[in-house]
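Peer 1: From first to last, the protein sequence lines are chains A and B. Here the numbering used here is used: the first residue of the first sequence is 1, the next is one more, and so on. Here the numbering used here is used: the first residue of the second sequence is 1, the next is one more, and so on.
Don't take every hint at face value.
[Claimed, not checked] Taking lysine to aspartate or glutamate pairs in the DMTMM-like style, the calculated list, with each CA pair at most 20 Å apart, reads:
| id | chain 1 | residue 1 | chain 2 | residue 2 |
| --- | --- | --- | --- | --- |
| 1 | B | 449 | B | 526 |
| 2 | A | 409 | A | 398 |
| 3 | A | 236 | B | 38 |
| 4 | B | 449 | A | 110 |
| 5 | B | 449 | B | 511 |
| 6 | A | 236 | A | 398 |
Quick caveat, the hints were computed from the structure, so don't treat them as lab data.
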Amino acid sequence: MSDQAQPPTGSGDFFVLGTNDLSVSRSQPVQGSLLERFVKTPSFIISGFFLYVLFVIIFWAAIRGVIPQGAPTLVLAVWFGVIATLPLAIMTVVNTVVRGNRTKIPFYRDLVTIQEVIQLAFVFLVISTIALLIFNLRVNLADSGLSINFNVLSRDFGTEVSEGPDPRADLQFLLNVPVLGEQLYSVPIFAPDTYFRALAVGFVNTLRVVWLSLISSTTLGVLLGIGLLSNNWLVKNVAFGWVEVFRNTPLLVQLFFMYTGVIRLLPSRPDDALTLFDVAYFSSRGFYFPAVVYTPTSGYFYWALAIGFVLGVIAWRWRQRVNEQTGQPANGLNYFLSITVGLGLVGFVLAFVLGGTPILFDIPEASRFNFSGGTALSGEYMGLFLGLTTYTSAYIADIVRAGIQSVPKGQIEASRALGLRNMQTLNMIILPQALRLAVPPLTNQYVNLAKNSSLGLAIGFTDLFSVANISINQSGQSVVIFVVILLVYLAVSLLISLVMNIFNSTLRLKTR
Amino acid sequence: MTDFPQRQQDLLFVAPKEAPQSRKPPANTIGVVGWLRENLFSSWANSIATVTTAIVLVWFLSTTLNWAIFNAEWTVVNNNLRLLLVGQYDQNELWRISAIAVLLTFLSGVSIGFWSQVPRPVFITIIIVLALLVFVPLISQAFPPPPVRVIASPDAAVQPMRFVGDEGQQVSVTIEQLTNRNADPDAENFPGFIETSPGSVNSRTIWSEVRQGLRTESLDLSDYSLNFSVALVDAAGNTLETLTSTPDRPETSFTVTLPETGWYGIVTDMVASETGYAWIRLDGIESYTTQTQAVERRTERYGEPIDLPCPDGGTDCTNEVAQRVLRYEGSRDLFDYFTLQVSPFFRAMVIPSLVAVAIAFVGGVVGYFMKRQPRERVRLSNSIILGVWLLLMPVSYFLLRGVRGDGGLLPFVPTTDWGGLVLTLILTAIPMVAAFPIGILLALGRANKRLVMVSTFCTIFIEVVRGVPLITILFFAKLILPFFISASGAIELAPRMMIGLSLFSGAYVAEIIRGGLQIVPRGQTEAAQALGLTPAYVTWLITMPQAIRAVIPALMSQVVSLFQDTTLVSIVGLFELLGIVELIVNGQQQYRSFQREAYIFVGLVYLVVSLVMASISRRLESTGVGAARR
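Whole structure, please, built from the sequences with the hints as guidance.
Peer 2: Below, the structure is given as structure tokens:
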């Protein structure tokens, strides 16, 4: 067994001693010069191919001259397929000839050749089909008066997006920029009131609801997951019931219920709104709570806090290193907290001395017809937030449960035998190991949460998808808007995956 | 015992004459107390958790139950049962849905009897779901529409009502005296219902006064003297029957068997207004749902609705019977809850469920005997049953849709009329079956490391579809897909949604199957190759069966999530189970304030079906085909 762990000996030796897995022997190094080896790697071939197809698309207008004028779309698509797969076909032929010379196997019996031909046919078929569909789409849309026009993004959106940052206000600062400001402000695509701006506001709204429900559902999910394994019968069963109910009901039903059955039934008049110490108000219009207001001296406090945070993190890591090297207790959290809070306090006092309080709250006030002051989360936001939280928390609870259960029981017993307290066992033994197993499925759930936020459309929350929906209805440019939201959602999914993968790699077992 | 040496004697143990007092465990470690101590109060932290949870739980349950029993209005479900089950499917063609349901139930029964090794819950679920569906016409006939009650009072004129009746349909009109429930607890016609017709503000205000009076017993009902007549007229304006109520003869009724199919009207005429109030109760009249649509459809079939004279001499005062749905008001006790809210639902369900179970049982017996045949015949029946299962889907789709143009026996029912639970099931079944081959091909393509291009294309497709929300794909299917084919976008919406759902779940199924392919040991493939099998045979005979068997539980979960995801088509404009609820609560004004009840009911349907499917999945994981060869 110990043989397996040895690194491969000799430079060209790809066999690992003691392994009976023959697959290892398959991956023989590609022979030839460095350039030749590079050229034969799949990623080079694939990216080269896609670059070429892009090239064909860009110069399609010029290439089209080859094809007889007035040909039906089918012929056009086949031509497109032929031209796009040309280099692949040439490569296949050259490969076949070269291989035939070397191995003396007739090409029709050479398995590699057969595979390459199949692949060529597949690629040709796929590209031709896609081309056919897109040609058809262009013609058909043009026939119905909806020809694709990418300029739609810089056109006037018309209506106001009711929620989120103000697209007019947040670009005002550009006007103060000395030289380029005015020009930048009037660039059609960035200008206020364009489709692009509206979609951006929608995107910000999506992010606003996603990050908060991500935090709340994780918190709730971890609590429920621990509850699922509690030795308290009541807690265990309540958690179980919660998970089963919210996991087995469609999210959309939950959203409708939360919005129409909970939020909309709250009193709508500000006077009647449920209130929390007259500081925060719940009404069917939304959740109103105090806002933090900037004062002239706020800068001192926030900068001190930020510097404290950075220094605190550095101190934490330093303590961890000390702990690893010397075995002294790390106490990282204590160092972090004392530095951050300490510096924050210094900043606060400094600000106070220099000229008044750095933190000021703007408390909302309920009048007869409206609320004034404070900030608000709209009723739609609250409905979406509640629905996403309950739904996702059920899934996260199950992931956490599975993670904790994967920690062998012996470890917990051993930690008890060593005299660790329950919290210590949880913090130092169970959670680090459970988290390692839980992170990949958690990533999935976070991506799902981001995607599910698009259901805000159903209850009237103006997220990216709702704005896109309005845009499509207004402009009829379904293809353009669709491509935009496709790319944005893919980017968000990839971003979450990326962040979680980085997090995952920091958790991975590090062997010294 | 005698001659043992002393040392040995010491070692001998002689049981004492009296058994020692058995040492019982301490009383607080066994029984109820012990259980409580161990499970709820093992430590102080635990006790706090228990008490807190218990308080929250009791508060939650008491609030919920209090609301559900004493305040909620479940008639929104009871009165719209048919809509919830089959949507706006043509009422005269409902037998088709029943036929499919009967076929499915029978086939499930046969399968239970025949393949006893197939987990029964699979088919039991199907039967349970079908029990909700079977004999939907039977439901609508055995469970007559709730009687329509209209209040007649001296101050407000009763507006004329019109409806469509079938030939031979029995319609009865009754005049009932109002009874004060507080004064007469045994009274049947206690004033629990009020009529809410959105058009007539007048009668509503009057009735709220009446109700107030009845509650406080300030209204003297003994003085009953309302003189009026109720007449049933046909489309030509001929009076079929008249009923006159006088103070001497307060409660009367008539029943008419309608002579032909067409429009009818009910006209009331106040003879002399004195004091007094009465119900006019109409039985056997079908109440429609969305008024304008219903009227349009009836007009198409039965011609223009009749105009009825208005009591005040004005025009356009006629109400559809549909608009008059009853709403419970006032205080309610547990008895009322069961008789008025719960029992109508279960009364409607009993017969269909029994019929479904009976059919499934007959099927089971048939299947059992098919199994007991000689081997060749069993093999034949095996393929027959499989074939019928596979054929069932296209056959039912065709049956539900009918034939365009002159359909004859099977007139065309556009998919826009499909809805309710039926549409949900169709939108789950067809995409799932379609997703299976798509998923297998994509998984094979992606797992193939030799054909780099193929694997790249498959990977891109899978990742893009998995990376975007389902709703974008449905919008793609709604807005862009039709233009791939024609300029008019002529494909119907429901098939488009099926395509979208198939592509979406195809990508997910592909990832599941790829996971299955990865756990098939490499040695298997290599052994097969060593035996000289071609790659296609290796896949078809060796890897694929093992891979699929291993991921059956995961596929089941995919079915559950697809079943839940079908709710999204309601956003796109189809009336499946959730969409039809929106139609009910938004289309019928009188239900607008009962959205919560409707959503809870639909949520419960999803919950029950999903829970059953999830439990099947768990079972398969531990005992079923999935675990068999791992």
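Peer 1: Would you mind marking each hint as holding or not holding in the structure?
Peer 2: Going through the hints against the structure:
no.	hint	result
1	B:449 with B:526	holds (16 Å)
2	A:409 with A:398	holds (19 Å)
3	A:236 with B:38	holds (14 Å)
4	B:449 with A:110	holds (18 Å)
5	B:449 with B:511	holds (16 Å)
6	A:236 with A:398	holds (12 Å)
Violation of the numbered hints given earlier is absent; every hint is satisfied by the structure.
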